[in-house]
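A.B. asks: Input sequences plus hints: build the corresponding full structure.
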Amino acid sequence: MNRTFDEVADRAMYAPCEPVHDEEPAAPEEGLERLTGVTRVASGQGHGQFWFPVASSVVNRNSVVLASISQLVAGVPETGPARMQISSVVPRDGGVVFWLNIDWPIDVAFRIGFRVE
Numbered sequence: 451m452n453r454t455f456d457e458v459a460d461r462a463m464y465a466p467c468e469p470v471h472d473e474e475p476a477a478p479e480e481g482l483e484r485l486t487g488v489t490r491v492a493s494g495q496g497h498g499q500f501w502f503p504v505a506s507s508v509v510n511r512n513s514v515v516l517a518s519i520s521q522l523v524a525g526v527p528e529t530g531p532a533r534m535q536i537s538s539v540v541p542r543d544g545g546v547v548f549w550l551n552i553d554w555p556i557d558v559a560f561r562i563g564f565r566v567e
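Add 450 to the 1-based position in the sequence shown for the working numbering, that's all there is to it.
None of these hints come from the bench; they were simulated from the model. In this text, a Cβ means the ideal position worked out from N, Cα and C, and glycines have one as well. Any given hint could be a false lead.
As the list claims (entries may be wrong) - Quick list of simulated restraints, FRET-style, between CB atoms: (1) Ser-538 / Val-508: 11 to 21 Å; (2) Val-514 / Pro-555: 30 to 40 Å; (3) Gly-544 / Leu-516: 17 to 27 Å; (4) Asn-512 / Asp-557: 17 to 27 Å; (5) Thr-529 / Gly-498: 12 to 22 Å; (6) Gln-499 / Arg-542: 17 to 27 Å; (7) Thr-489 / Arg-542: 30 to 40 Å; (8) Val-491 / Asp-557: 32 to 42 Å; (9) Gly-487 / Pro-555: 30 to 40 Å; (10) Arg-511 / Pro-531: 35 to 45 Å; (11) Trp-554 / Asn-512: 16 to 26 Å; (12) Pro-555 / Gly-525: 14 to 24 Å; (13) Asn-510 / Ile-556: 11 to 21 Å.
C.D. replies: So, in C-alpha cells, the structure goes:
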C-alpha cells in the first residue's frame with residue numbers, strides 16, 4: 451500500500467528544527483565545476499529514526515537536494531561516536547524533510563548541510 455507523505459508524517463516522530471542559516475560555500479577545487487544552487491544549514495538534536503522537517507523558501511517539489519549530516523560537539527562539527535545517516539530526502543514546496551537515523555541511545559546534536567539545485 452502506497453501512502454502519501456502527509457499520511458506517513460502524521461504517524462512519524464518529528465524533531466524540532468532550528469532556523470535555517472545561509473553559509474558561504476568553500477572555494478571549488480581545481481578542475482571542479484561550481485554548483486549554482488544555494489547552500490543551507492539546519493541543526494537539531496535527536497536519536498533513533500525520525501523525520502526532520504526544514505522550512506526553506508528556496509526549495510520546491512522539483513528541487514534536487516544534496517545533503518550531509520555531521521555530529522556537533524560544543525556547536526562545531528566533530529568526529530563523534532554516534533553513527534548518523536540521512537536515509538531519505540523529500541523536497542516539498544517551501545521546505546525539505548529528511549529521514550534521519552542517529553544510532554545512539556540519547557539525543558545527539560547534529561547539523562545538516564544541504565544544497566538546493
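A.B. asks: Decide, hint by hint, whether the structure agrees.
C.D. replies: Quick rundown of the hints versus the structure:
1. The hinted window of 11 to 21 Å between Ser-538 and Val-508 holds, with their beta carbons roughly 20 Å apart.
2. Range check, Val-514 to Pro-555: about 34 Å between beta-carbon atoms, so the 30 to 40 Å window is met.
3. Against the hinted window of 17 to 27 Å, the Cβ-Cβ separation of Gly-544 and Leu-516 comes to about 19 Å, which satisfies the hint.
4. Checked against the hint of 17 to 27 Å, the pair Asn-512 and Asp-557 fails, with Cβ atoms roughly 34 Å apart.
5. Checked against the hint of 12 to 22 Å, the pair Thr-529 and Gly-498 passes, with Cβ atoms roughly 21 Å apart.
6. Taking the beta carbon of each, Gln-499 and Arg-542 are about 20 Å apart, inside 17 to 27 Å as hinted.
7. At about 19 Å, the beta-carbon gap between Thr-489 and Arg-542 misses the expected band of 30 to 40 Å.
8. A beta carbon spacing of about 19 Å between Val-491 and Asp-557 contradicts the range 32 to 42 Å that was offered as a hint.
9. At about 36 Å, the CB distance of Gly-487 to Pro-555 agrees with the hint of 30 to 40 Å.
10. Judged by the Cβ atoms, the range 35 to 45 Å given for Arg-511 and Pro-531 holds: they are separated by roughly 36 Å.
11. As the Cβ distance of Trp-554 to Asn-512 is approximately 34 Å, the hint placing it in 16 to 26 Å is violated.
12. Separated by about 22 Å at the C-beta atoms, Pro-555 and Gly-525 satisfy the suggested range of 14 to 24 Å.
13. Checked against the hint of 11 to 21 Å, the C-beta distance between Asn-510 and Ile-556 comes to roughly 36 Å, which is inconsistent with it.
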